[in-house]
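Asker: Okay, here's what each chain looks like letter by letter:
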Amino acid sequence: MDIRRAVGIALALVSLIALLGSVPHAGQYKPALSPEEQKSWIGSGFTLEDTLSWKRVGIGPAEAREWVMAGIQFAEWANQWKGEGFGPRDAAKWVRTANVYTAGEFRKRGFSPAEGTAWIENGVRSALRAEEFRKIGLAPREAGRWWRLEFFPKAIPPWREAGFGPEEALEWMYGEKEHLNDGVSYSRTVYSVEWAREWRGAGFTSKDARWAALIGLTLPEAIAWKRARFGIVEALHWRDSGFTPAVAARLRAEGLSPVEAEEQREAAGAPPGDEIASLHSDIHLRQDGSVLVTERFAILNRPDGAIQACFQRVLPAKTTLRYRRNSLRDARPMYDGIVAFLDGSPAPVDVVKDSHGDRTLCIGGQGSRLPEGSHAITLGYVTEDRLIRLRDREELFFDVTGRYLKMPVRRASATVRLPRGADVVFADGFAGLTDRKDFTVRVRTQDESDVVDYAVWRPLKQDMGFQVSVGFTKGFVKPSLWKRAGQFDRTTGRLLTSLLILVVGLCGTISYYSVAWHRVGRDPKADLVLREFEPPAGASPALIRYIVTRRRVDDVSVAATLVHLAQHGAIRIEERQGAYQIRMAGPAEGCAPLEQEVLATVFGDADRFVLGMARARATLRRARSSMMRSLEAEYRTYFVSNSRYLWPGLLLSAATMAGSLLVLNLPGGGKSATFLKIFSAVQVGVFGILGLLFYILLKTPTVDGRKLLDRIAGYRDALDANYRKGEHGTSDPGVSPFLARQLPYAMALGIECDRLTFRWDSTAWFTGRSGGFSVRDFVASLRRRTPGRSESP
Amino acid sequence: MTGEHSGMNAWRARVLVGLIGAGAFLVPYGCVTLIENARVQSWAGYGFSPGQTREWWRHGIRTRAAAVRWRANGFQAGEAASWETMGFVAEEAKEWKKGGFDLAGAAEWRRYAFRHDEAGEWRATGMSVGDAVAWRKQAFRPGEARRWQDAGYNPMDAAERRRAGGSS
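Quick mapping for you: the protein sequence lines, in order, are chains A and B. Numbering-wise, our numbering comes out as the position in the first sequence, counting from 1, plus 1. Numbering-wise, our numbering comes out as the position in the second sequence, counting from 1, plus 32.
Bound conformation, chain B alone (with noise of 0.2 Å):
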């Protein structure tokens, strides 16, 4: 050591911070650039295109196999991930829209705990969520259910002179 001071000059050291800022931005952008890449390759391999696989994690559905499974039932990324909101997998979505249910009706149905094959037989006797719930509260099938109701029961008249023996 000699006596001279021997510090860095000032624009050595503005250089230095500009490149310590830069690469705070950059490494961990390269970072996350790398990785989602590598995640788009791996989307690719199934499939999906860069935009696609982005379409389908923009919509919130960000793991491959959910996105194989909902495209296997036929179902594209935003529809998907409105099904997936209402807490229906893919599988029961596809039955629900099969049977010819569209996300709010299906919804409808089962929060009432009817099955998409069930809502479908109550539907097509042309009966409301309500009245079904009232007349499956009854155990009344749903051809039953209309028979008696087009005789004019309501459903816990029918219920009672079912049991005396009664029919409709």
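Only chain A is shown next, with the shape it has when bound in the complex (with noise of 0.2 Å):
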């Protein structure tokens, strides 16, 4: 750049700056102040620094010490009050409320300062809300009540016209809270005010009434049982073992706890078949999260009982887990280690699994029968995936009886062991009935470990089930990668399972094709390429064109053959106006099999061949085939396809596939479906182009095809060069004998040949155009139809 107006161009950068520098910002203005505006303010009682702010906002001194006696001290402050549209008494009786936004929104709803300010002082700050409780008719006092026990407006006239204040409604309408795994979020079952109403009627606690409504107890029912003077906990018992609230009045009178009850009544009927005096489980959760299982049943074995061979116990596929009170989550455990002791001696166990993956274990061996009388069996096993970790704690839920239990328990204990180092976060579970917690607990320390001890205090019937659930703190449970990868693959259906045949099969496929191709597949090493002026020996035009398109006879095919014929003799090609007819000219000498044949198919009994009819391309389309049938034979003897090669990498692709596609056990449902078909299609994908890879690279040439493709590419070489130099040449081309001689090859190679003229005098196989033989032309008439031509010849 030159320097002077470098030069200038920062001068002028320099006076811009200085320029805007000049100008005061907004909150930099100085208002000019005349002697006696100064006396005015200072006579107000104003330093020159308020004066400036308060003339900024363009407020006078009367005005501003009017401001300042409302309580509001600046000059900003007062401006904003001012905008809101309060003059210095209104505000006044605002501001030590609330501030200017919340004013001016009560004040716009209608509200005087002093209705705002009570409904502010009772915790209703927004004036939107306190509209709201004013049209439902509430005062401030009652509306804050509800309003701190996060009640809306419109959620409390039902609630207050059946009579619910509002502590007492909060109690009925919301039940326990329920956590969610982010420590903060929770959730709440929501009762209605009608079910309230009712149950507060009859006289009952919302505790019961929610109790109630858990188990199914219908309000006519409880009502029954108050009236018989039972609390709901108590009649629920009774109820449990099958008495009516009549009934179990008189029981009770008569000194009878419900479980005495039950057990006097089933002595007095029908003789009791078979059933598990007592079972005890052991469920002691180890650190790699395994747990160690031993079950003691003792069995009492009647005549006729459910025991008709051997001791059954059923082994669930999916258990279903369940955690935080209500939510569940399906589990598919693994069971390893079965082992069995029958009257303390070891037993042989059968297992047989079931269309579900259920395994039924029939202790004692099949075909055995457990004789009758009393039998103490123990039953150990390892399983897996019974934990469902949180993020504060992690929860151990296992079902005691399980499922597929015959016969009635009549005692059911448990004891949990965790980790050492776990501490228990609570003790809970089922036992009775769905959703009854007819058990007791009991937690303990033993050698550094806490150990829970459950009791279910209640004969359970077939109908009745047994669970534990027992929560501890994290990070005392640490399964090995090996385990949980297996406990992910159980868990979505064998999907590594899956993914692993499918890597294994595809490896060994690879490496099946990689070996074949090893062993069979390469090509002999190419020799030295000589240039060649002569065709290789043997080998018609048709058939190097064959080669060098990888198996294709199109037109150029029959175009170059028919030339070739042409040049031999044994046909003319004549040119008229554009359409094309070959004539018999003589016997077929020197050509090859092929070429006689196509020679035989085109004429047939006649003399002449007319290209461009309908019939003339059908004609050619058989000799396409025809030359294709021969080509594949002669092609067989120069290369092989080694196909044999490919069959056991096929089949071991189809196996792969179908191993990998029938291990999985996804679940039912669309999602699994489209899945399944996604997986399938890429594998299908996956293994045919790898197959397609290998049937190309398993083709290999003989001895005699390398040989033969080193010559076609010396005599190509030498094609190629000596056309070009003839198309470029100056020298009339048509006269070359050399080219003319090698037209049918270099149509066959592909050359570009279209630019040279053979004329007549060069082609003594053609007459026709002045022009001379057209390469592109005479191909093209192979394929089009010319125009006004009858079928006849």
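Just some of the chain A residues that point at chain B, by a computed CB distance under 8 Å:
no., residue
1, HIS180
2, ASP183
3, ASP393
4, ARG394
5, VAL425
6, VAL426
7, PHE427
8, ALA428
9, THR474
The hints are simulated quantities; they were obtained by calculation from the structure and are not laboratory data. C-beta: ideal position from N, C-alpha, C; glycine also.
Starting from the two chains in their separate frames, assemble the complex, guided by the hints.
Answerer: Below is the structure:
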């Protein structure tokens, strides 16, 4: 840049900056003050600095004084109040309880300062909310009570009309909080006001009513039990034992508990069948997350009972884990190391797996029969996937009775042992009918480990269950990566196994193909390619084209064959006004059998063949098919496909796909079906592409084939160079006998020869246009239909 | 081509090497600066000044959403980073803080699976974390545990007595 120009620009920039700097910013505006004004402000008790700020917002000394007296001491603040439409007197009434905007909102919605203050002081700080409360007829104080308990105005009227105060409404309206995994949010059941009114009207507490709702006790039933002087919990026990309120009242008067009364009734009833006198399950959670279970059964096998053969125990393939009271997770536990003892001696265990994957253990072996009488059976196994990992704790859930216990259990108990160091957070569970908790629990510490003892205090009938749920502190169960992978595999329906089979199968298939290719698929090494000026001996133009175009037979193949036949004097090619016809001219001496076959197909019994007719096209199609067959046979002497080596690879691929898909055990449903479709399609695609790739790679030339390829390469090179020279040369190319003789091979090799003109004097086999034989036109004539030509020659 | 040597002269080569060296530094530096400025701009849209943005980054909170969340719950960058390091999410940290727990206290109580509200209740009874763990193990609520403790019971004995129908 020119130095003078640079200096000019710099000076201009400096001037601009100076100009910008001289413009005062909005906040820096300093109004001028006359001596009189100064006197007036100072007389009103303002300092010079204050004066400037008040003057800047356009407030005079008298008004400023009023704002200050109203408690609004700063010009900007006063300006805000003024902007919301307040005068100093109005503002003074609001300023102690609300900010300018809240006050503005209250005033806009028709609240006087006293009213607004009352609402705000009772905790309703939003004018909109206060208006809503006012609309439903609540005074600030009462509204404040509801609002503090987080009742919105819309929810209040039904509860209020039903006679509930805020605290009572809150108690009846919501169930217990169930905290979610984020440690903050929670959910809770919301009960209707009608339900609350009915139960409260019948004299029940909210706790009783909720408990009744949980176990399905209707209000009339509850009233009946209440009239018989039973509390809800007690009524529930008697009801679960199968007694009506009247009978229960009588039995209770006799001093019986529900369980005693139930046992007495059963003793007096039908002869008992088989039963489990006691069941104790020792559940030992280990540090690696596996659970060692030892179940001890005391069996009473009576005549004609449920046990007709061996004692059976079902280990389910799928179980549901309950956590955080109402949440569920499906688990697919594995079972390992199953051992059993019958009356103190080791007993054989036969395992039968059903279509759902459930394992039925036959203790004593299939075909054995458990003798009648009392027996002690101990069953031990290791299982996994029984834990629920939450953010702040872990929970173990175990179904002690499991499914399919075909006989009642008189006494059930369980002991849960936690890993060393883990502290129990809660010990909960279910025993009895659905959602009942008919058990007692005790937590003790043994060898620095927390142990939880459960004892079910009622006999369990066949429709009753017993599950334990223990929460404990995190960090004491650390499953290995292998175990976690196994667990993930089971939970995802064996997806990992499927992928593993796929990967192993894919690697195996690739390895097989690679070995096969290495042994038989590699091409023999190319020899030195020398330029050759004659085609390989015995190779027709069609064969050469078949090889260089990777087994294609097209119009060029037919055209080259016809030109070759013409050169050998077998036919003449005639052209008139763009239409070609071929005449028989003599025997096809020196031509390949393939070419003679073409000749026979094209001419049949006729002596001429007119191109451009529909019939001609059909004839040429037949000729191409016949050429294809002959060429394929000839091709096989030069190239081998090695397809027999492809089959084992394809079989391996099919086996891999089948194994990978059959091992999957996905849950039913649309998503699984879609996944399965995509997964199958991907596999077919991958193995298909692999097969195709190796099909191509396994094909290889024989030694003769290799030599032929080398000679074709040398010949092509020579032809290409000569044709190019002929094209660029100044002499008439038509006179070169070499180029004219090699024409069918040049056509077959795809060498550009359209720009050359083969005049009739250098091509005795052609008569026609003055410009001579055109390759492009002749090839095109094979596929075009000449307009106006009749079908008959 | 003539037979004459047509190579680059030494000075030109040095300049070229120098330019490549400078480019090797400036291009990545420029790209990173541009990306960083774009990110600063996007944070500015959420009310973070460039200085504040860099402050959050310096404390390891590099996503805007996380910063917005922590800020919305009343945390500054440094404090937020400490709570986050201990595995707290913003909303939970706010609750603990509101309950009067500092980070160490909150982490200690939470390690033993106490929620902020539960921890507050136990602490209000004057019990330590260890005491609270022992009493909770026996299914005692804080107030109830306090009464039994005041009556001279340890958790195991209190639980036995309660099972037998006794009261504190």
